[in-house]
Every structure is written in C-alpha cells, then in structure tokens.
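J.: Two independent chains are provided; combine them into the complex using the hints.
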Amino acid sequence: MMNSIPAKGDASLNPVVRVYLGLDGLSHDTVVRAREQGAFPEWNLSRLIPMFPATSDASWTRMLHTKRFAGFEYGHFDPVKDKVYNKAIGGLLVHLVPPLEELPFTLPAYAQTPAYYKAFDYHASAYLDALWSYERPFYGYYRGLDNLFVALEGRSQVQDTFSAYVLETDVVGHLRSQDDVVDALVSLSERIERFKREHPERTFVFTLFGDHGIDGISKPPDKVVDFRDQLEAAGVATVESFEDADKVEGPAAVAILHTRVTYVAIHAREQWISEVARRASTCAAADLVFARGEPREGFPEGLTWVSVWREGNLLASFAYEAATDSYWLPSDGDWAALDLPISLPPGAGHGVFTDEALFALSIEHTYPDFFFRARTAFEPISVEFPADIVVSYRHPFMSVGYQAPVGSANEVGTAGSHGAMDRLGSVGALLSEERELPSVVRSDNVLEFFPALVEHLRDREVELFPGAQGAELDYDALR
Amino acid sequence: MTRLPLSAPACFLLGLLLASSAPASEPVPAAPPTEPAPSTPASEPAPVAPATPVAPAVPAAPATPAAPAPTLEKPQAPEKPTSALTSLYPLWENTAHLLAHRDMYLGTSNAEFGLLGVAQLGTHPLSFIFRTPNIHGKVRLLAHERLSVAAHAELVVFLPGSSEAFTSSNYISRLDTRDILLTVVPVGATASYEVFPWLYLHGTATVMGIFDDGPYRNRLVPGTTLVAEFLAFQRHTFRAHAGEVGYWNHDFNMLGASYCYRRKWFEAQIGYFYRFMREGRQASPLFSLGAYL
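Just so you know, the sequences run in chain order A and B.
Read left to right, the first sequence gives residues 284 to 762 (the numbering used here).
Read left to right, the second sequence gives residues 346 to 638 (the numbering used here).
Bound conformation, chain B alone (with noise of 0.2 Å):
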C-alpha cells in the first residue's frame, strides 16, 4: 500500500520487470488467454489436487500444470472478473485466494509469488524504502466449492526512524521509532467465500504481536476485517471493509471503500479508510498498481 503514486524509479523497476518477465518460463501466448482462472467466481473450481494450483485469483493466468494451454484456435471468450488476491488494507486484512505455482504478482503493496499451488510468499517492496523491512506468507488450509481458507504470517521490523521516513513530512507515525527497533508479527487466518458468483465475502481473524525491548510493551492484539467484494462488471470490483482491532481492550474501527480495476495482467486498486479511535478519526487513502506475472 502507498499513499502516493508511483515514484520514478518504482516505475522503471516495474517495466522492467514486466518487460523481462515474459520469457522467463512459460511460452507467452500469441493471443490473450482465453480461459478464466480456475477459481474465478464464473468458472467452476477446479478439484483439489496436491501441486495443483487450483485457486490462483490471477486474471488470465498462463498456462499452469493444471489448467490447459491456451491455444490459438480456441474463440477468444471475454474476460471474467476475479475475487482479489490481497487485500489493499494493511496487516489486518487478506483473502484466502493463493498465486498458482511460480506465478508472480508484482504491485506497490504487494510482490507475491506463488508456491506449489498451496502456498504464497510475499513482501511489501514500497516499504522497504520506508526503512521497513518485511516478508509474509500464505499456506492454504482449505479450498471447497465455494469456500477457501488460508493461514497467513508476517514478519515486520520497523527501523529505527522508519517512524519519521515518509515522503512529506506532512504524514505523522503514531508510532515513535527514532531510536527503537520495532518487530510486528500478525498471525491470522482467512476465509473466502462465494456467496454468489458476483459477491465474495473475506473475513480474516488476526492476532498480532508487537515486540520491543522496551519502552514499547510485548503484546498480543486481536483483531477481525470482514470484506465484501462485489464483482460488479467484467473489469471493475468494488469493495466494502469494516474491522475491529483490539475488542475488549479497544483500539480502533476500520471502515473503508475501494475499487479494484483488473485488465489481463494489470490491476489498480484505489481506496479509502477511515480508522475510528476514542481520540478521534482518521483517513487513509490508499492506492495500489500492479502486474500479474
């Protein structure tokens, strides 16, 4: 997630990548692959296999083990739109939908790549330059007709002055980090659910853990963001979050809106958050760009 549009060289390492990642295992398809991914809500999932990705919430998703190579032949049928990979806020939200094995999504909030079928690693490349190194992973743990449930990790050490590192400085951390190293690790687990083939409903149960040497206290924090992703139109998602972190020791609300919009490999995601606190609300508008590789 990033609050600002792509920096310059944020976008040379992104056409880069694009422009190298053709070629690097699979033939490239001579016309835009036909076949939705097997778990899109307009397609029938494919059965579980092991090794098999059968749920990659990529769009247009080469050719893998499992599903059939486009071919040229075949009728171009139209693209189909697809329950989200990620989600755009941070740390508190996912879905349980997984990249199939060695496929890669390469975005301003997310860089995940796909492993085996059942697994996903990822990190949150635009932070790293926030002085906030991280990495996460995915394991699925389920994947029904219309229900999928994945286990997520994350590993996240704030710097110290990643507190301070922004931008402008007319962003404030509500954390101080200036001389603290702060390691953050939410664990969680998400279930996806196809209500109907145009309604997708995510809920995520995390507990984080922050730890510090002091001054900052070790402790466990609960939290749960329901998400409910409307596939509204053959490119265009729309998306409602609400959360709560904290419970009986409350910290704060989250409600928010965003809308997704995929074409073949690229999606965009804009959104808007508000966080509400005993001391008083906060905004976050979010946005995202990205490339499924």
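The shape of chain A in the complex, shown without the other chains (with noise of 0.2 Å):
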C-alpha cells in the first residue's frame, strides 16, 4: 500500500543524501575493469581486504559491527549443544528462504536472518528474492536495482542517508563470469548517473563496497570436492559431533561444508587440533591450513598463537601480544613459502612486528594482511562460534557445500568463488564519491571512513558490537 503513495518531502530539510551499497562479492579487480569502461569515473577506489575466511554473513557482520552470526555461513557447528546446525540442503534452504521475522513466534536461533540485514534499508526486492536470483542471476540483479532506486527516491524524501544490500553482483559472480560482472557494474554506474540527472533538487553522494573478491576461477567438476573424503582419506574421522569423535580412535573432527566456497571450518578436540590441521595440509584440495595454535617455550604467556600448514609441514606459527597489538615471529617460520618478505636479524630468534608493518608487508603479496586475518579467523569476533581449523584451498579447487537432489544443480555457481585466504578471492573494493581513501583499507575500518553511516546503522536500532581487538590502523602512517 506504501509504495502507491507519491509523498515528498522537503529538499531543503536533506540537502545531501549519502547513499551505502554494499554489494556482494564487490572484487577490486572487477571495479578496476568497469572504470575501463568509463564507470565509477571520479570515485575514489580503495582495496577492501575482509576477514579470513572470506565469506559473507561472517564478513558483513563483522564489518558493520553487528550482531555475531552463530557460524561463518548459515550451517555451522555449536560446540556447547555439540551439534551441526543447517548442514546440507538444509542449509541451503534457510539460505534461500528466510524466516517471517515479525510473525508472533519465536524463531530458532540457527534459522534468523543475519543482524546485518538490518544495517540496510533495502536489503531484497520479495519475499523469496534469493531463490530467484540464483535461478535468474541477471533478471534478479536488474530486478533488485529497479527497487532498489524505487526504494532510493522514497526514502530519500525524508532520509539524508540511505544504506542497500545488493547479492545478485556475488551470484552473478558465481554463476557466470567476471566480465558479466564487469557489465553489471557498468550498468550501476549508468544508473546511478541516471538517478542523479533525474533528481536535481538533491545531491547524492554514493559510496559502494564490498564483503569479499571473487577468485573469477571456474571449477572443473571433479575440483568440487566434500572435504570430508579428503579427510577419511588423510586418516581423520569425520563426525557429526564431539561426543561421536570421542567415540573414535585417532583424530576426528566436525567438518563444516558451507556454500560453494574455497575453505572448510573444522571443529576438533583440543588435544587433536595439530594433527588434524597437519592431515587436513595433506589433502590435494588444502592450500593452507590454519589452527588454533599450541604456546611455545621461550615466549611469554598469554600469547596468542596461530598455526600454518601445508602438505603435511608447519609452515610457520606465530603469537599476538593483545597488550601491545604487536606479533612475534619466530625465525623458524618458512615465511618465504607464504610469500612474506619477513626478514630477522642474523641470530634472532624471533621478531615483534607492529600490526601496521605486518599490514603493510602483506598486502602486495598472495596472502594480503595475512596475520591479522589468520588470528582473528579464530576470535569470536562476527561468529558466535568459529572453528578450530580453517582450510584454505588451493586453486581451483571449491567445496561442493551441498549436494543437490538434481543432478545439474551441482554444476551451478563454478564460475568462481572466494573464502581462501589468497588475494583473488579475497580483495574486495571502496568505491567513494563522499572522501579520499586509503589506498588500501582492512574491511573492520570500514565505519571509521564513513560517520554517516554509524549515525545511520544507529537511526535504524541496529546494535553495534566492539571489533576485533587491534584492527585499529594508522593510515596515515601507512600511506
């Protein structure tokens, strides 16, 4: 009945009207190509690196300081319940369809939607606007900009700030290509354009961004892969809760098989944490393998530590001192393998290293940012509840996640994907008319860069929580 309603506001009363899209699966690469094109023509672009794994729920949340989602994805592992939650299809379909939020019951914790939604006004065109999108990737995206800018002109009569949730630009990333991407942002851009030319009574400044890249690497059907094979094969159990693993000989672990992504979460007893990682390295489908680590001796206490592996090797570990946001590197890390020019005195044991320094040294190489990302992978930062273990994979290799009834079903959204710790899924975009940017930005700053839209999140009743600890950077200094 609303949306019959032709009320105006009063240009005078907001002037300027700030517009924050989030669009799904923003990758710096493709807004570099749609500028080629004469998109986005005075915008300021920055490169957004998100969290480690690079995926969606966990990233906006963490990005907009909302409410922790329960898991990286919608399936995950609740280790106090000690049980798996929308695994499979299942899963899949809560993605799909979401729950009636404001009817008179309660929903259960694992099928709400994501606290973030809240942070847009606009976030779906209809009701079961996912399904859609996916079987129509292109008519979903055009759709969802129709209501999108319908939605823009509406609100913008009273609102001086307006905030949207684009997903088809990741399906449409998914599902098809990197320059059908490319088209779709073009597009945007002429339609912003467009909005502007036909809105003259106010100014609006857009700013885009991003929750993650997409690699823009097709699948070859037998690189769709269920992990949890891989891991039988390695000599790991995989079982569907901890009271199953205690039952077993040897390690065992809860693998989590999210969408079509490029990581797996595992879950594992403290005591088979190493080795599971170390057996998880050994699959053909793990580029890195990420754990909780263990404290070593001739460090101090109450160090964090972190632990890479790879065919079967530890590559490195590495500790976080919280108290001083600083990281020690001990000189026994293979950090050459990990493509990060770290270099130590002659003799030392190990090195500190200031956040922004280890930023800075990362962020031209394979694994950008890679220390805070792997640290804070396992922090219940935007996830109630994170993993153990984290499977990077290696390229072109993506989890199959679920296993459709339909046989052509598990040919769809192999186009790309992201979620490993490496650049090509990992490098998102800022895209700003409103201020100049860093040349890079970490994804946990990104409302520091834009007041209006904490003011906004805020006008909305949206909660904000603490990020992690010490993703504070200096930019300033690192320029």
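Just so you know, the hints here were simulated from the structure itself, not pulled from any lab data.
Note that this is a predicted model, so its numbers are computed, not measured.
Among the hints, a few may not be true.
[Stated by the list, open to error] To give an idea of the chain B side of the interface with chain A (calculated C-beta under 8 Å), a few residues:
id: 1; residue: S472
id: 2; residue: S508
id: 3; residue: R519
id: 4; residue: V529
id: 5; residue: V532
id: 6; residue: D558
id: 7; residue: P560
id: 8; residue: Y561
id: 9; residue: R564
id: 10; residue: V566
id: 11; residue: P567
[What the hints assert, rightly or not] Simulated coverage check for chain A against chain B, where a stretch passes if three residues somewhere in it have a Cβ under 8 Å from a Cβ of chain B:
id: 12; segment: 433 to 446
id: 13; segment: 529 to 541
Note that the Cβ used here is the ideal one computed from N, Cα and C, for glycine as well.
T.: Printed below as a string of structure tokens:
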C-alpha cells in the first residue's frame, strides 16, 4: 500500500543524501575493469581486505559491527550443544527461504536472518528474492536495482542517509563470469548517474563496498569436492559431534561444508587440533591449513598462537600480543613459502612486528593482511562459534557445499568463488564519492571512514558491537 | 490486500465470523439462494428506491427487503457471474457497486458493511496489524440501468513504525515513517458501466491528500484507474487494470491483471501488478480471501 503513495519531502531539509551500497562479492579487479569502461569515473577507489575466511555473512557482520552470526555461514557447529545446524541441502534452503521475522512466534536462533540485514534500508526485493536470484541472476540483479532505486527515491524524501545491500553481484560472480560482473557494474554506474540527473533537487553522494572478492577461476567438476572425503583419506574420521569424535580412536573432526566456497571450517577436540590440521594439509584441496596454535617455549605467556600448515608440514606459527598490538614471529617460520617478506636479524630467535608493519608488508603479496586475518579467524568477533581449524583451498578447488538431488544443480556456481586466504577471492573494493581513501582499507575499519553510516545504523536501531582487538590501523602512517 | 496467505489468527477470526454470521439477523436459506443479486450482469437491475439495496454486487445475496426471499419450492438456478464489489489494487481503484443494507463482506483485503442500500463503510483489516488504522466509505450517486456511479473517501493513518512493519524484512516500504505519522486521504468517484453482460468497466478518479506536519509536504495528487472486468464464466472473473498517478507531476503508471473466483459466499482474488516509475519497475503480487455474509 505504501509504495503507491507519492509522498514528497522538503528537499531543503536534506539537500545532501549519502547512499551506501553494499555489493556482495564486489571485487577490486572487476571494479578496475568497469572503470576502464568509464564506470565510476571520479570516484575514489580502495582495495578492501575482508576477514578470513572471506565469506558473506560473517564478513558483513564483521564490517558493520552487528550482532554475531552463529557460524561463518548458516551451516555451523555449535560446540556447546555439540550439534551441526543447517547442514547440506537444509542449510541451503534456510539460506534461500528467509524466516518471517515479524510473525509472533519465536524462531530458533539457527534459522534467524543475520543481524546485519537490519543495517540496510533495502536488502531484498521480495520474499523469495534469493531463490529467484540464483535461478536467474541477471533478471534478479536488474529487478533488484529497480527496487533499490525506487526505494532510494522514496526514502530520500526524508532521509539524509540510505543504505542498501545487493546480493546479485555475488551470484553473477559465482554463476556466470567476471565479464558479466563488469557489465553489471557498468550498468549500475549508468543507473546512478541517471538517477542523479533525474533528481536534481538533492545531491546524492554514493559509496560502494564489498564483503569479499571473487577469484574468477572456473572450477572443473572433479575439483568441486567434499572435503570430508579427503579428510577420511588422510586418516581423520569425520563426525557430526564431539560425542561421536570421542568414540573414535585417533583423530576425528567435525567438518562444516558451507555453500560453494573455497574454505572449510573444522572443529576438533583440543588435543587433536594440531594432528587434524597436519593431516588436513596433506589433502589435495588444501593450500594452507590454519589452526589454533599451542604456546611455544621461550615466549612470554599470554600470547595467542596460530599455526599454519601445508602439505603435512608446519610452515610457521606466530603469536599475537594484545597488550602491545604486536605479533611475535619465530625465526623458524618458512615465511618465504608464504610469500611474506619477513626478514629477521641474523641469529635472532624471533622478531616482534607492529600490526601496521605486517599489514604493509603483506598487502601486495599472495596473502594480504595475513597475520591479522589468520589470527582473528579463530576469535568470536562476528562469529559466535569460530572454527578450530580453517582450510584455505588451492585453486581451482571448491567445496561442493551441498549436493542437490537434481544432478544439474551440482554444476551451478562454479564460475568463481571466494573464502580462501589468497588475494584472488579476498580483495574487495571500496569506492566512494564521499571522501578520499587510503589505497588499502581493512574491512574491519570501514565504519571509521563513514560516520554518517554509523549514525544511520544507530537510527535504524542496529546494535553495534566492538570489533576485533587491534583492528585499528594508522592509515596516515601507512601512506 | 495482502501479499501473504492468511495467517493462522486471521483464518481463525474468519472462521469464527463465518460460523457465527448465519443466524445474525436473517434466516439461513435451507437451499442455496436462487436469485441472482439485482445488479448482476445477467439480471435486470431493480428500480432505484430509497432504502432499497438496488445494486449489491454480492453473489447470492441473502434475502433483502427488495429481493424476494428464496423459497424451497423454486427450482435452483445456476449461480450468475457478478461484478466486483471492490477492486484488488489499494487506494486508487474502486467500483460503484455497494452491498445491500446490513450485508457484510469480510475478507483479508476489505471488510465492508452495507448501509441503507446507498452507502457502505469498510476497512482494510490486516493493515491494522501493520500499524495502519484505516476506514473508508462509499456512497451511491447514480444507479442507472447499466451505469452506476459512487463517491468514495478513505482515511489511512500510517503510525510511526508502519514503514518497517512487514512479515519479512525482505520487503521494504518506499516511504519512511519510522518517526512520522503520515495521514493519507484519497477521495474520488467511480463509474461502473456494463458494456456487455460479460464486460464491465470501472473508471475511478481520485485525488489523494497527503498530510504530515513534516518532513513530508502536504500535497494533493490526482490519479485515475480503469479496470476492465470480464465475467467469463459462472464463477471466474478476469480483470485487466491500468492507472496513472500524478499526471503533470507524474509519479507512476500501474498495469496489472487479476483473477477472481467466487462461489456462493466465498471469494478469492489473486493479482499481479506492476508499478512503472522513473526509477524502475516494481511488481506486487496481491492476494485476497473473503466471504459475503
């Protein structure tokens, strides 16, 4: 009913409207290519480095500082209840068919929509929006843009800030190609300019930001794998609960298959974490395996340790000291194998680096912002139950995620993916008319740059939570 | 109008009202009513008389002072298709048909009550759940053989928060009334014309008043709609809808199609509507269930 009421506001009350568009899977590379075709010509562009694993629900939650999501995605393991929720096709359906939040009955927590949706004035165009978007991504994208701009026109009558979320850029990246994403972005740029021309009564200032990149690497069918099979082959029993794990002699783990992404989250009893990580790193799909590390002798107590495995070997371990926001890097780490230009003085047992120093030295390499992202993957920042082990896939492997009963459905979504630690699927984009930007921004800090967006979230009664400890960066020093 | 199937409480309420309605004021016929409503396309309209429900667009209306009561002895006639009492698209569409005196229509999109055969009061009941109290009325101005004209007015109050009150956050309102009380008053007239017994046209001219202390501006917006109603079969009606809102200060065009199934006291409507705006196209599936009591 309300959409048929042509109410108009007084433009003198909000002559400037800031518009924040969250585009799922907005990768830096596609934005650069869209700009080469004339899109977003005068806008400031920055690389945006998301959390690891770079996956939507957890990443938007982290970026917008909203209430934690249970797991990295709908499918997750609750170690308190010792149960896997939303597994396989059921998890997919929960993802596609949203709950009716406003009906007066209580939804189980595991089926609730993520809190970050509330940060957006607009996040979908219909109840089964996600389902149709995956069925017909371009139709869904353009229909979504229609609804978004209609909503913007209406809401800007009285609001001086508008926020919206667009799912379909990610869907196009998964299902189609990077060329198609570029076309979609060029079209968006044209729509934005047309909207501005048609509404000269106000000045619209746009900012676009993404939650992760898209690797743009097509996944052959034989590389779309169920990691549990590989774990079993590596001698790790895969179970559905710790109770079941305890019945197994030898290493056992709960592996969470998410959607079609390039990482897998694994939960294991503490005594088995290192062994499961080591064995997982021998699997064909694994590039790197990250795990909660064990304290090492010769280092101060109270450090938080992370270990990194590849092909059965412990490549490196490092520790974070919260009090000084610095990282302790032992000299026995094979940093070169991680493409990290770490140099320690000859004979030194370890080096201590600031967060800014490690951010700067890793950002142009294969694993950008390696240390912060690896460390915070195991902290309950945007995720209630973070994993004990995270497997970062090598290209062109991808997790099968779900196995649909219809054969052809298992071949969709293989044009590209994200989630792994490497830059291809990680580096997103931050694009703004509102202000100048550093060349690279850690996604945890996005809100620092846009106080109007923070104010808007508060207006929308979004409860904001503290971010990761030590996430702040001195961007002036990094220039 | 609602976008979703009936909620459980609404079903319960509807069932309760249906169950309790029969003995209200008139005896329940032992057999289905055999006389079509006076204004049905297949019947001759009754002469206009004060306090006589001359044009209740109600299928199989119960006996009224102007209509002979059905008798058990009379052979049962087939149900005749009937023109719409209300239209499906909200605020801008209507018909000139009215309920008979003390007749009632109770549905998810509308609840209507006939007064004296010349007027009708109603509301959109489900809107109350979404923080939008409302009331509307319709008065007959003219009832000719094939032409009826009615004036109508509506008062809709969007309480603060109504713009966020949806069953799913997947929906968004074009308006923001989180901290705003917005009053909307559409006033207009509708002419319903029987072109053929199987074709009705309903033309509605409306001026919508939009009132707010700010930040919305007080304004009047004109709009017209046209509904072509094809009474194709005994119980099945198809409608085509078109509209223009804003004119010289164009806001949107509307285009849609709907289907209505009616059997005895039961009515179901389903439609799909597009709004064409400068910023893009919006689609609205609309759905309604109702009962003539």
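J.: Give a verdict on every hint.
T.: Tested hints:
1. S472: holds (7 Å)
2. S508: holds (6 Å)
3. R519: holds (3 Å)
4. V529: holds (6 Å)
5. V532: With a closest approach of 14 Å, the V532 of chain B hint is violated.
6. D558: Violated, because the Cβ-Cβ distance from D558 of chain B to chain A comes to roughly 12 Å (cut-off 8 Å).
7. P560: holds (5 Å)
8. Y561: Hint holds; Y561 of chain B Cβ to chain A Cβ min 5 Å, cut 8 Å.
9. R564: holds (6 Å)
10. V566: Status holds, d = 5 Å.
11. P567: With Cβ-Cβ at 10 Å, over 8 Å, it is violated.
12. 433 to 446: Coverage by chain B holds for the segment 433 to 446 of chain A (9 residues, Cβ < 8 Å).
13. 529 to 541: Coverage by chain B is violated here, the residue count being 0 at a Cβ distance below 8 Å.
Hint violations for this structure: numbers 5, 6, 11 and 13, all remaining hints satisfied.
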